[in-house]
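Visitor: Sequence:
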Amino acid sequence: QVQLVESGGGLVQAGGSLRLSCAASGSTFSINAMGWYRQVPGKQRESVAIISRSGRTTYADSVKGRFTISRDNAKNTVYLQMNSLKPEDTAVYYCNVPGRYQDYWGQGTQVTVSS
45 QVQLVESGGG LVQAGGSLRL SCAASGSTFS INAMGWYRQV PGKQRESVAI ISRSGRTTYA
105 DSVKGRFTIS RDNAKNTVYL QMNSLKPEDT AVYYCNVPGR YQDYWGQGTQ VTVSS
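Everything in the sequence shown is counted per our numbering, starting at 45 for the first residue and increasing by one.
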């Protein structure tokens, strides 16, 4: 089992920045990829950014050039630096770790970008 705890969400004006953190605990030896997803009411959860254990990254087209995912393997923590935020980035952001038999999710953190 892996437990994920996110932090760092909040309210920010358009053009501003936020940094999300997600700390993993439990069976962290099993963790390979880590990622961030987001969801707005009435829509499907979508992938924002994913980082492999070796540091390879992938991003949604909508956030490329604005968001940066990184991780600290020694701390079992993944980060999402969000710059040049737009109102359409408003969502609940979830940390994700794919497991062998199930996916693990954090509780979510709200990011609200005002125009």
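I should point out that these hints are in silico values taken from the structure, not numbers from a laboratory.
A virtual CB, placed ideally from N, CA and C, is assigned to each residue, including glycine.
Some clues are possibly wrong.
Stated by the list, open to error - Distance windows between CB atoms, simulated:
id: 1; residue 1: V84; residue 2: Q57; range: 14 to 20 Å
id: 2; residue 1: G59; residue 2: W149; range: 25 to 31 Å
id: 3; residue 1: G52; residue 2: R100; range: 30 to 36 Å
id: 4; residue 1: Q146; residue 2: D105; range: 23 to 29 Å
id: 5; residue 1: N117; residue 2: Q57; range: 29 to 35 Å
Unchecked claim - The calculated lysine-lysine pairs, modelled on BS3-like cross-linking and capped at a C-alpha distance of 25 Å, are:
id: 6; residue 1: K108; residue 2: K130
id: 7; residue 1: K130; residue 2: K87
id: 8; residue 1: K119; residue 2: K87
Visitor: If a hint holds in the structure, say so; if it doesn't, say that too.
Guide: Here is what the structure says about each hint:
1. The hinted range of 14 to 20 Å is satisfied by V84 and Q57, whose Cβ atoms lie roughly 19 Å apart.
2. Here the CB-CB span from G59 to W149 is close to 29 Å, well matched to the stated 25 to 31 Å.
3. Take G52 and R100: their Cβ atoms lie about 23 Å apart, and the range 30 to 36 Å is violated.
4. A C-beta distance of roughly 28 Å is found between Q146 and D105, which places it inside the suggested range of 23 to 29 Å.
5. Separation of N117 from Q57 is about 34 Å and conforms to the stated range, judged on CB atoms against 29 to 35 Å.
6. At roughly 13 Å between alpha-carbon atoms, K108 and K130 fall within 25 Å of each other, so this suggested pair holds.
7. Proximity of K130 to K87 is assessed by CA-CA distance (about 18 Å); at most 25 Å being required, the pair is judged to hold.
8. Note on K119 and K87: the hinted pairing is violated, with a Cα-Cα distance of about 32 Å set against a maximum of 25 Å.
The earlier numbered hints that this structure contradicts are 3 and 8.
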